Each structure stands twice: as C-alpha cells, then as structure tokens.
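Asks: These are the residues of each chain, in order.
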Amino acid sequence: MSLSIRNQLPGTVVSVTPGTVMATVKTRLNGGQQITAAVTLEAVKDLGIAEGSAVRALVKSTEVSLATGPVTGLTIRNQIPGTVSSVATGDAMATVKVAVEGGELTAAVTKDAVDDLRLAEGSSVVALIKSTEISLAAA
Amino acid sequence: MSLSIRNQLPGTVVSVTPGTVMATVKTRLNGGQQITAAVTLEAVKDLGIAEGSAVRALVKSTEVSLATGPVTGLTIRNQIPGTVSSVATGDAMATVKVAVEGGELTAAVTKDAVDDLRLAEGSSVVALIKSTEISLAAA
Amino acid sequence: MSLSIRNQLPGTVVSVTPGTVMATVKTRLNGGQQITAAVTLEAVKDLGIAEGSAVRALVKSTEVSLATGPVTGLTIRNQIPGTVSSVATGDAMATVKVAVEGGELTAAVTKDAVDDLRLAEGSSVVALIKSTEISLAAA
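Those protein sequences? They're chains A, B and C, same order as listed.
Note that the UniProt record's numbering has the first sequence beginning at 1, numbered continuously upward.
Note that the UniProt record's numbering has the second sequence beginning at 1, numbered continuously upward.
Note that the UniProt record's numbering has the third sequence beginning at 1, numbered continuously upward.
By construction, these hints were calculated from the structure, which means they are not laboratory data.
Computed from a predicted structure; not experimentally measured.
Identical copies look the same in the list; a pair holds intra-copy or inter-copy alike.
Heads up, simulated DSSO-like pairs for lysine-lysine below, C-alpha to C-alpha not over 27 Å straight-line:
1) K26 x K45
2) K97 x K45
3) K26 x K97
With the sequences and hints as input, model every part of the structure.
Replies: Structure follows, in structure tokens:
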C-alpha cells in the first residue's frame, strides 16, 4: 500500500500509556529521536502495539510546523532537529523538506511562514509535531 | 500494513486539481459521498493518483468533528451524514462511532462536546472533515 | 525563536480538566474569547499549566476552518468571530487572514472553499478550531 502521507519514520515502541479512550505511545525512532503519539486505545489494541513493537510513525505534511530553534515551554511533545534541504513555494502554501537524523521530513506550511522565517536550503530548524497528529503503522 | 488510523474509506478518484505545491483530489466513496483531500502535489505524483484511481481516504479520529445537522457556509469541504452507533467517554476525551453509508467513522472529540450536543446511540449527526486532514492510500 | 505556526494568541488559563492521558485546558484569550485545547496530560504537567497560567494558544493555519456565521450543534469547541482582512489564492489552496478581537488569525483552506463562500476582504466569518488542534506555549 502506498500512502500520500509524506512522513513515515520507522522505530520501536518504548512505552504505551492507556487511558479510557485514548492512549499515548512513545517510540524511539531509528534515527535516535523519541516521539509521542496520541492515538485511540482501540487502535493500540487492534494493532497489538506494545513495548518493543516495530512501528512506523506517520505524519501528514500539513501537520508539521517548523521553528528556527528548540522551543521550551510548549505542549507540542515532538521536536525533531534538522536542516532544510529544499523549499518549494506556491502562491499560498509552501513545502519544506528537512533532513533529520535517520531520514527526511516534509512540512507543508504557509508561504508567509517561509518568508517570515527566511527558510532556505541550509537553514537549521526544529520540526514540531503535536502528539495527536501522529499515527502509527505496524511495521 | 495495519494503521492506527481508524477511518479508511474506499473510493475512486473523480478529479485532481494540481497547484504549485499542493493538490486537491476529489474522490467518490463507495458509499456514494464525494470528498475532497488536500495533499502535496508530490504525493499525487508519487502515487500516480489520477481520475479513476482506486484509493482509500484515511482520516485520523482526532480530525473528525460532528455536527447535529448539515452546516452551510463552511470552508470544511467534507460533510458525511450518519447515525451515532456508540459513545465511549473518558474524563477528558470521548470516542464516537458513526454509521455512515458504506461504512463507519470514529471521531475523537472532547467529553464536553458529547455532553453539550447530547450525543448518544441513535443521534443523527454529520461528520465534518477538513480537506487538509484527509490522506489517500493507493488501494 | 521563530515559529512557522501563524496563529499565536495570548491568554490566561481558566481551568484544567485532567483525563488519564489527555487533558482539556480552557483559556481566556486577551481578546476576550474563551478557547479549549486538548493536549496530553504529560504536557500539562511538564509545563506546570494550571488555573492562572499565562499561555499562548498556538494553531497551525491548516487547522483553522471558516464559517460565514456562528454554528450551533457542533463538536468543534472553538468559534472566534472576525472579519476577513485579506485572501491570497493559489491554484489549489488559499490563505485567508481574519482580524479578530485582540489579534489576527490565518486560515489555510482550499481555493474551492474560498470561491463557494465568496470570501473577500470585509467578509464576516467565524474561525472554527478543533480542540485537538490547539497547542499551548508557556508565555
């Protein structure tokens, strides 16, 4: 199966914290970064996700934000540092590719944001992804 | 491959409108509803998505909102009518399952919203999904 | 530090409702509007978010929908009225800026939606934001 979801990061589940309807799943990516996904408890059960499970973390490009440096005091759990490898700009939107440890991320952001942050090839950035925007695929 | 993404609706692509970096893809679901997905142009090319392509529309539960009836004058392109089949409530969040033509949708919404709208088994609802929240899988 | 996240609204936390893994945080914006954010409980604890905390509500442009008037019977908790100040249209997507009490919001929506709703400078709109799409930054 091919997915339009641009960001697919392989890793291994470190812990699962089940709630009543939601669960948070922490995964160590193959690139070394740790990420947190908030998914439905039902999905965790259906996929048999547990500590040690091989998964891929899936993130739609439109869910990836960029910061020009690490951000403290933020509820966004996932911060992945990297370097901009390319920027494609349209009239309203832009896609920014970011080389990160172990792979590449694509972020779809507004053209305004690219202009304001002066994002260009070589810019150091931190990709920000809200936990609720990460899905998991059983690898 | 198994996905934590709860909502996977099969259909056939009706049209593709390419922009510079994004594209909108209209799909007729097997249940008869038409939906619009805003994905990166790159994804459309990589997957070879074109009129007639068999796809599945993927939507994370946290991206599905519910209304108690059709809503006009709204930028949200996708409105799928259905009937609540079950509600599971936690302390902060709730999951609502909605039977729709041709399948079922799961929405993860706040407990507050379930209480305010008095959602229960049998409630008529319309599921609202923003185009940027729909991914596509080549079937 | 600069963020690609276009929408950053300052406010003060009014209440926190913790679940097992998620929490809902109600914040009164400086513009007077009240908003609800659904974030991980872990994030609330890490940031020490409690009643009275000064925060900024962060919302990615792709997560903001627009309606031409208030919508009732909707699970989307956050409805912020305003007036369109500008529209930038691409082939597939458009960005709409909305002046709201105390600031400005940017919404990235499909070009189709802008055409259908005839959004233009001066249009009265209500910005709709799902609770799960709001992140918080400690101010």
